[in-house]
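Student: Make the full structure from the sequences, and use the hints.
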Amino acid sequence: MNSGRRREIPHIGRRSIGYAEKVLALALLVLNHVTVIDVVRGVAQPDRVVEIEGARIRAVLPAAGYRAPAGAVVHDLPGRFVLPGFVDMHAHVLFPPLDEEGRPFPAFDRDTSLALLRTLLLHGVTTVRDPGDATEAAVAVRGMLARGDIVGPQLFTAGRILTAAPVHHAIYASVTDEQQVREEVAWQAKAGVDFIKVYDDLPPALVRAAIDEAHQRGLRVIGHVQSTTWTEAARMDIDFITHAASWSGEYLTPVARAAYRPSMFGRVYWLEHLDLNAPEVREMVAALVEHHVSIDPTLIAFRTKFWGDDPQYTDNPHRADAPPKLWSGFARRSNTADWTAAQYRDARAQWPKLLALVKLMYDRGVLLTAGTDTPFPWIIPGVSFHEELRLLAAAGIPIPAVLRMATFNAGLALKQNIGAVEPGRQADLVILAANPLLSLQNTERIEIVVKAGQLYSPRGAGR
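Taking UniProt numbering, the leading residue of the sequence shown gets 1, the next gets one more, and so forth.
Some clues are possibly wrong.
Stated by the list, open to error - Computed beta-carbon distance windows for the label pairs: (1) S174 <-> G218: 36 to 42 Å; (2) R345 <-> A320: 27 to 33 Å; (3) A341 <-> Q216: 47 to 53 Å; (4) A434 <-> P204: 45 to 51 Å.
Read the hints as simulated data drawn from the structure, not as lab findings. None of the values given here were measured: they were computed from a predicted structure. All C-beta atoms, glycine included, are put in the ideal place defined by N, C-alpha and C.
Tutor: Structure (structure tokens):
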């Protein structure tokens with residue numbers, strides 16, 4: 001028996017990506033007769049009750065014999081599956097508009113950025129880590145999301161990216177010596193960022209300075225590192241490294257290294273000549289584990305490049321899910337658009353090697369999370385996150401582990417109380433119509449998204 005008011009969750013069907021409805025915010029909300037997905041143990045717990053009080057999960061209980069407290073609002077949800085909200089660990093949420101030559105303007109496009117944030121939430125992404133954006137704007141948007149001024153995921157953000165290149169743009173800070181690095185880190189810390197981001201062209205001395213200064217100021221460091229190897233960065237105690245591969249020539253044999261030319265297509269050569277059993281590669285993976293470095297592989301970011309001429313991306317059936325300005329800029333911004341058909345074939349031939357590298361890191365115990373590199377070309381916000389999960393599974397990672405990467409592992413990496421359906425955790429949840437442990441296709445069958453205890457209902461015609 002249940003006391004309290006009852007509310008049925010209606011069939012929602014296809015979401016209208018530009019719109020989210022805040023259903024209600026209550027002192028006590030009850031999700032009754034649900035199956036809870038325990039992502040930590042990788043099992044389903046049938047016929048449970050989830051009590052949500054404010055922004056937190058108050059209790060997870062057996063449904064048999066449960067009586068809701070007086071005044072609670074009860075949603076009876078037999079046949080639904082509840083798991084933690086998803087965390088995209090690599091999404092640049094401040095979309096920059098482009099000029100006629102395809103170059104980004106210094107300011108971000110507010111309307112497109114807000115649409116991007118809503119789209120992420122409607123696809124079950126309740127938390128985002130932005131690994132590099134215009135510092136003051138990103139901090140401001142984070143505050144707007146936290147206050148509920150705008151609709152979207154919880155945001156943790158880095159500021160402008162430290163690079164050795166002589167660029168002048170709002171999302172990059174050009175640094176050439178240790179003093180400049182430390183001054184930039186100090187300025188970003190004062191501005192209120194959550195992380196510092198270092199880019200692939202920074203040499204080891206400058207990466208070390210950034211890590212040292214950031215850690216002194218209580219900030220952690222994200223690295224898209226290449227001139228500094230992953231092994232070196234891990235031993236400097238970097239906190240996060242982005243993407244699935246380092247592309248550093250140091251992991252190739254001396255002969256292959258001599259012929260290696262770092263470039264987008266050079267990555268295909270790098271994969272072709274990479275020996276996963278080489279001592280340097282095994283040493284790198286061991287360093288990542290020893291120094292507790294978290295990796296977000298962003299496989300979707302590479303697949304959309306290696307298949308950049310394929311209609312599955314260039315004429316994506318989900319293109320309507322992308323904010324219009326985002327989609328229209330994809331073709332102009334694609335950095336494989338000049339590849340020949342033969343180059344695309346060569347790239348695809350090396351795809352299994354990239355998957356095997358990710359699987360090696362998983363097997364050896366690297367803390368892996370899920371991220372997309374939204375909004376790079378052909379990476380549709382939200383939709384791409386679910387494809388990323390399927391790509392991780394295609395690498396040979398079991399479904400329960402993939403779901404853990406998308407939720408619990410991210411909570412560990414961010415040091416936030418998210419990522420599990422447990423009492424005391426933040427009430428960030430996704431309610432699905434089918435069991436994600438049986439198929440990752442089911443992660444897209446979203447009926448309700450709960451963010452900090454607020455219910456959001458996607459609407460529209462059936463998918």
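Student: Please go over all the hints and tell whether each is borne out by the structure.
Tutor: Evaluation of the provided hints:
1. Evaluation of the 36 to 42 Å hint for S174 and G218 yields a failure: the beta carbon distance comes to about 25 Å.
2. Taking the beta carbon of each, R345 and A320 are about 30 Å apart, inside 27 to 33 Å as hinted.
3. For A341 and Q216, the hinted distance range of 47 to 53 Å is satisfied, since their beta carbons lie about 51 Å from each other.
4. Between A434 and P204 the C-beta distance comes to about 48 Å, which sits within the given range of 45 to 51 Å.
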